[in-house]
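Protein chains: 4
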Amino acid sequence: MGRRKSRFLRKAVEPFTIVADATAENVLERMERISFQGRNLATARRIWEKMLGSDATIFLGTAGALSAGGMRLIIAHLIEHRYIDCLVSTGANLYHDLHETRGRRHFIGSPTLDDAALASERIDRVYDTLASEDEFCKNDEWIAAFVLKLERRPYTSREFLYKLGEHLWNETGNRGILTAAYQAKVPIFCPAIADSSIGMGLSQARHRDQTAGYVDVIGDIIESANVVIRRPSTATIVLGGGTPKNFINQASVQAEFYDDRVGGHKFAIQIVTDAPYYGGASGSSLEEAQSWGKLSIESEKVTVHCDVTVALPLLVTALESTSRDALHKRKRPEFDPSGRLLVVNGQPLADNRYQEP
Amino acid sequence: MGRRKSRFLRKAVEPFTIVADATAENVLERMERISFQGRNLATARRIWEKMLGSDATIFLGTAGALSAGGMRLIIAHLIEHRYIDCLVSTGANLYHDLHETRGRRHFIGSPTLDDAALASERIDRVYDTLASEDEFCKNDEWIAAFVLKLERRPYTSREFLYKLGEHLWNETGNRGILTAAYQAKVPIFCPAIADSSIGMGLSQARHRDQTAGYVDVIGDIIESANVVIRRPSTATIVLGGGTPKNFINQASVQAEFYDDRVGGHKFAIQIVTDAPYYGGASGSSLEEAQSWGKLSIESEKVTVHCDVTVALPLLVTALESTSRDALHKRKRPEFDPSGRLLVVNGQPLADNRYQEP
Amino acid sequence: MGRRKSRFLRKAVEPFTIVADATAENVLERMERISFQGRNLATARRIWEKMLGSDATIFLGTAGALSAGGMRLIIAHLIEHRYIDCLVSTGANLYHDLHETRGRRHFIGSPTLDDAALASERIDRVYDTLASEDEFCKNDEWIAAFVLKLERRPYTSREFLYKLGEHLWNETGNRGILTAAYQAKVPIFCPAIADSSIGMGLSQARHRDQTAGYVDVIGDIIESANVVIRRPSTATIVLGGGTPKNFINQASVQAEFYDDRVGGHKFAIQIVTDAPYYGGASGSSLEEAQSWGKLSIESEKVTVHCDVTVALPLLVTALESTSRDALHKRKRPEFDPSGRLLVVNGQPLADNRYQEP
Amino acid sequence: MGRRKSRFLRKAVEPFTIVADATAENVLERMERISFQGRNLATARRIWEKMLGSDATIFLGTAGALSAGGMRLIIAHLIEHRYIDCLVSTGANLYHDLHETRGRRHFIGSPTLDDAALASERIDRVYDTLASEDEFCKNDEWIAAFVLKLERRPYTSREFLYKLGEHLWNETGNRGILTAAYQAKVPIFCPAIADSSIGMGLSQARHRDQTAGYVDVIGDIIESANVVIRRPSTATIVLGGGTPKNFINQASVQAEFYDDRVGGHKFAIQIVTDAPYYGGASGSSLEEAQSWGKLSIESEKVTVHCDVTVALPLLVTALESTSRDALHKRKRPEFDPSGRLLVVNGQPLADNRYQEP
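Protein chains in written order, with our numbering: chain C, 11 to 367; chain P, 11 to 367; chain A, 11 to 367; chain B, 11 to 367.
Simulated from the structure, these hints should not be mistaken for laboratory data. Values in this document were obtained by computation on a predicted structure and should not be read as measured data. Check each hint, because a few of them may be wrong.
Identical copies look the same in the list; a pair holds intra-copy or inter-copy alike.
[Unchecked claim] With a Cα cut of at most 25 angstroms, we get these calculated SDA-like pairs of lysine to any residue:
1) Lys60 x Ala126
2) Lys341 x Pro358
3) Lys15 x Glu266
4) Lys173 x Asn362
5) Lys159 x Asp346
6) Lys21 x Thr122
7) Lys173 x Gln220
8) Lys173 x Arg363
9) Lys173 x Thr221
In isolation and in its complexed conformation, chain C is listed as follows (with noise of 0.2 angstroms):
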């Protein structure tokens, strides 16, 4: 032929070969070099041990059923061994957990029961997984009365669920995403608690004490902009899109305004099942994300279209297995979430004012 190889055709498709009991860690290596979402799956987590050798704060957006699906623990080990550093999260997530962590179970159920026999019986379903109706309204109850022995003033959710994780733990010993959450001194945000059965257990406590049940999410603005603005370097990991995903980039885009070092988060992962051409946020590139400013131009970043049922478990166990070293050395933030203020490496974040430097 004698003529040269294109400048695009440099790096082959390496076809996956099978190997009897490889471990998840080879599987995924493995998927580097294949294409379409197993490739993507598998950079995930390059780059996310490039978060971990980082600076970078690590922001984690959970949407989508994956307490009630079996991904809780996951989620608490990300807590516990640091992979992350600050949990956004749907109420439904922290109430799926909760349930669980209070000794509760979700279960095995299939897509194709007859809803009208569950009603009867007052079983829910979500999917394929159904729980009792019955004890999703006790852990209301729980939860308004924990409510009402709050002192009585507006909170963050972030200080709230502080809260709520340490009084799970206390009652519980159990593991969870709150009880790690509270152990490991991570501070979780749930910018739309008003739409979770959270929500609803603190309209019950209000229902019993017009002074109890107030949440300041507007204040939880602010703190998540100030944690940004006094660590600029960010991260952000995203399962199922949702508020969660858009509450990690107004941080940073918040924050901007008020601290020119700030440009965008540094490294960015998305494992979404939301297509982007219908214009929705969960489904929206991280392309898009860039014109915005949510992330930097220069941010490594990946987009996995994918179940996070089936994604996550493969990728954090392949992490598990190589990042110990860097999670070990990671310059990570200190957190203490306890108070009204939010602590960070010993300093308190303001929650009613953004940080100018």
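Guided by the hints, dock chains P, A and B onto chain C, whose structure is given.
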């Protein structure tokens, strides 16, 4: 043959035929006899008509970039003509509405534009749609300035958004979602207001005055449930899923705890692009909702798997032609959302306790 | 402000407004200024109009259960009025068309019917649509009987389907895809005929007479490329993806090997529901097609991510109102598909060698 | 409570836990107790194991860009170790396999590359994967040259592909799908061969010699049904949908016309990304397949909504660890696909009449 036709084979598919200059109504009418999502869209109109002919309070949930994408005057129309009674929205849809009501615009772009170039010109992209970030920043300031004029106390998102619509109307006199809701006295709930630029505006007010910008989203939970308790016959129309979808269902579930007459929505339409099989709430089926009691077992319901920007113009144009009488005759609730307490048909609803019968 | 507006922000989104009794055309016209898939659908009409105003040979590809789903008379209309020049279809769409042209019906069902009950009554389900398996078996026999009347030699699918349409017309006098194509002398290719009930009918003829039922699908490849070579300006409209999508592109790519004037389709519309990011052909982007030369770099093109049963009734109804002149004036090819060789504008095309210029 | 637990709430979801260095098998085993598509993927392994432990003839269908995307040696492995007995494939997967078996490569690219630049360098893009068009042209010529060496008569795709694999093996000695099938005597059907570059190669042979390149795809229909009639216990594994999915089902349906012992596949796994609600065959549910008799009402079945490049490496790696015994013991059919007639367990199957019992 002499053989009896199966009971399953009663109503034949009628192939759609092309008629020049046919109206949207005529097109949609004939789509009732085709299959798949076309039939579902046509069925949505029939169910909406039944809602209008019933005594149901009709909730509309709006998620996805509907306002940026050109749907905001359809939603305003639905409010003005009382195709719906209560709106539950993401903050983004209200914010992008406010942007245009204030005289700014969104622009036609393309998903393949260079995001680095857009970022350098401070242009934000939403898939194929663009807007000026500088104009967005001015909106935030405008919102903050408005917030600082308000009396210092917590506001439900419903009360806050009414006042925001009022201010917007007084300043601009322009049609839009917020201003239409103000004029038609249709309440708007925004449970995830903290995850939006309206929330950012509120936070900027707080930044200037730490006593400002308190939103009582837990009050919204109680108030929305009390709307259901007051009139237990309800209907839900969901565009895009997201927090509004669940919040509307939560209102019914929460109401049922306190009032046995509540038995789930009587009618349900959802136009969504998420698939049910990943377990997320946005894509969850209406059958699943029945297991939870969110929907009555006898409810009339349809899911349309389609982008709202395709489905809604056709659906509402057709509905407009056939619903005039029904709109005039309908037994709709009359709201007064102007005060701290939401007034329904002359009677205020509590925001701090559930209205037990 | 005095600041110059960005070059990116030239054309504003115009919010869609509700107009009672608006025609489909008027609805679609105003959808050109909204966003997302609504805008894309509106753009599809403009591109189709440009196709009609050009000298392009227009290919239509049909996949998915369009005929069972009520789309067959739209496709027949497109053939009769020469909105298109050449159809490439899955076998299923032709088979379900034949079923109805023979006077049988598909029926309205539901996706939640009990499939065991349906099986016991010999009813076949296509999502929410039903048909009698016994009637299908009779179709197969009818096809086999027809095949046995044909001279024993291999037929391209194009020649075979012309004769099938002719026989169907003579026996029924009913409109449909096959009969419209027969009467309008529009060629139909079915490259995957072996994967369909038409193929099953052919095989049953073979079962009775082993010299019957030979389809020369390789001849189809050559003939379809020769259609492009004869008139190198081409356009593609794809509904649903599948084998027709690739076959239409393959015709262009193959033609270009033999004729430098061929440079990819000049116009492209696709209405698909598959996502591009899994790598499959049905969801592949039109940009990707440009890398292969399937589409000209300068082509006008649009992808509409939407179910065909929603998009097509609106699109073609609107097109019908605005394209009468263009249809009369268009420089379309005249085919005679009745013989072993396809005749274009009076000249036969080889089916066993590429027509080198 | 004293209240009996509902019959629906028997088997709890077990949250997945992270274990360092866990094997793929161990990961997948624990995914059986989570939810959504993760559970479905884990279930797929159990069903595949049951297939291997039964007397079923196992069909594998492959569609989508699996070979270009790095899956071809997994498929070769499945053939070599007789995890499957018969392959039904799109032409593209066989063509891209041939490309690599001939020593050429696919390359790692990105979906955001400039397609005009790629076109100018004659590089073809498949989402994030690239290949040289010049190399593709040489493949086509290589195929044409091979076709011209064959005796001039129609070949079923099965016979043709066996001979193609044989030639490829003799020339290269390299592993791949075609060469593995040749060596393991596993038949391959390609019903849509006319819609692929293998078909293009055949057409180029015809161009040089008009007596060459006849593929008898109707013979494939009969032969594939006769495979089912010979051994009425069957199983189907579908990757990606497309023509292979239906062709495998069609073989069972067609067989049942002639042999009452055939009652639909006994086991079914499909890994697909298409949604069922648009009515297309690729996304159609396995329940729907039961209404047609494609699947037995008692069949064990699972759909995994996932990209094959994510699911297959994990699934087959895990299967490899647990299936050795089953593979050795399994009662598999022995094929000889080398001649005009396919031989099963020493007895030839007709290709021109159905094997009535």
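Here's how the hints hold up against the structure:
no., hint, in the structure
1, Lys60 x Ala126, "between (49 angstroms within a copy, 23 angstroms between copies)"
2, Lys341 x Pro358, "within (19 angstroms within a copy, 54 angstroms between copies)"
3, Lys15 x Glu266, "between (44 angstroms within a copy, 23 angstroms between copies)"
4, Lys173 x Asn362, "both (20 angstroms within a copy, 23 angstroms between copies)"
5, Lys159 x Asp346, "within (22 angstroms within a copy, 35 angstroms between copies)"
6, Lys21 x Thr122, "between (45 angstroms within a copy, 17 angstroms between copies)"
7, Lys173 x Gln220, "both (20 angstroms within a copy, 23 angstroms between copies)"
8, Lys173 x Arg363, "both (23 angstroms within a copy, 24 angstroms between copies)"
9, Lys173 x Thr221, "both (18 angstroms within a copy, 24 angstroms between copies)"
Violated hints are absent here; each numbered hint is respected by the structure.
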